[in-house]
Amino acid sequence: MSAIVGPNGAGKSTLLKAALGIIPRLSGEVHVFGETIRNARARIAYVPQSASVDWDFPTTVLDVVQMGLYRKVGLLGRLSGQARVQAHECLERVGLEDFANRQIGQLSGGQQQRVFLARALAQDADLFLLDEPFAGVDAATERAIIGVLKLLKDDGKTVVAVHHNLATVRDYFDHVFLINVRRIAEGPVETTFTTDNLHAAYGGRLAATHLTELAVIDGAR
Amino acid sequence: MGTEFVQLSLTPILIGILAAVACALPGNFLILRRQALIGDAISHVVLPGIVVAFLLTGVISAIPMLLGAAGAALVAVGLIEVVKRLGGIEPGAAMGAVFTSMFAAGVLLLEQTDTSSVHLDVEHALMGNLESLVWLQAEGWHSLLDPGMLATLPDELTRIATVCAFVVVLTVVFWRWLKISTFDEGFAQALGIPAAALGLGLVVTAAIAAVAAFDAVGSIIVIAMFICPPAAARLMTNRLERQVGWSVTFATLSAVLGYILAGYGPLWFGAQGAVSAAGMIAAVSGIILGLACLYGPHRARVGVARKEGA
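For the protein sequence lines, the chains are G and C, in the order given.
The end of the first sequence is residue 228 by this note's numbering, with every number in the run present.
The end of the second sequence is residue 314 by this note's numbering, with every number in the run present.
Bear in mind the hints are in silico, worked out from the structure with no lab data behind them.
Ideal Cβ placement from N, Cα and C applies to all residues, glycine included.
You may find that some hints are simply not true.
Claimed, not checked - Okay, the calculated bits of chain C under chain G, using three or more residues with CB under 8 Å as the criterion:
| no. | region |
| --- | --- |
| 1 | 176 to 183 |
| 2 | 190 to 198 |
| 3 | 289 to 297 |
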């Protein structure tokens, strides 16, 4: 499990989107599992920021999760009964099985985030790219989401998340990328997530309170 | 009643329905993508294109008109970009400025042109000539089964039927792509769906529907049908599949009710003659939208639920 960490405007989301070809790349090539991104799409699940879509869209929770099955069904294929069962299972894994037929706008922010996670689970991918999965969710939902992500890790999947809460990086992630427009540092959390590197990434923008908090965590270790 | 109905009313009603449905289908997605104005823009900018095409060829026929309209649409897209960049104003305003100017230019051009030999004038551009698209050769309902008689159906009917079928087929074939990319474009692209090309294809399809409908029923109906039936349909359901179904129902209802009201409405009120069918169809679709706003089951939006959760 890796975190992409950096200040606002550092290009965390942009990095994910460019890697996936959602926005054009200026240069460079993207390889995933030794293949070009084009050939690896079926193995990647992307979870956008939940604020990026219109939740007023006329569709149900189950419908959104079934969008994750698209790669299996294709443009014109019919959803098999088995696929439906699979979609329900994904909803169960995020604890939303009772909301399957709700219109998506009737959910809370945390539930909406979990719907996106369930859609990614339905994709049955090996690499999960999440953009701010904990933005605007309450503590209980955050625990639920991290639980699901840790199970994925135990299953041998790779999870990369754009993350902004420095206080939880150590608890949630094994590996961290620090970026601020350019790459600052990357590596295992123990050796990379240091006050020095954070200073390099955040400069004067890191509030003093945050640093003290981190120093406390540093000291505790 | 039978023969007269087949001769005078059947084809205009059919053309009205087909035009309304052809516009309402892409309208559903345009509205959900917050691009409703594009349908409006398209139906305006095609006018100068059609007039220029007529000036160049001297006849009103489908292919040059479609090309002219497509050319005008491209010019419009370019102009919108130019106004946006040079004027530094927001896209909606740039679009509004460009499409009204182009429509006005089309009207001026039309007035300066000798179109007396053909049926192309300002009034036609706005309201079409639905009432004149009659099938005088018909001898009654049985004419519908006679291939020789069917060949005498107005060209406009064949044309709009073809375009409507085309739109329906595209909507069905690309349904899953349209739904996923309209809801979540980033996710669609991550799946490998060509979302940008799909968006362009949707606008082009809307343009084709607009041109075909414009020819038969004028620009008022086109504008109304892109927006009113889908917007009313959205208030009836929370499922995209059903929304599209409702929009087709509302479009059909508007066309039929509008045509009948235009023909007989004034008589019921003791007035003489009839009013424009195209105008009445558009008005009926507006009334349907108004009723849906007042009584539609899903008019309460989700803001409330979201506030609780956030």
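Each hint tested on the structure:
no., hint, in the structure
1, 176 to 183, "holds (count 5)"
2, 190 to 198, "holds (count 7)"
3, 289 to 297, "violated (count 0)"
The structure fails to meet hint 3 from the earlier list, while all remaining hints are met.
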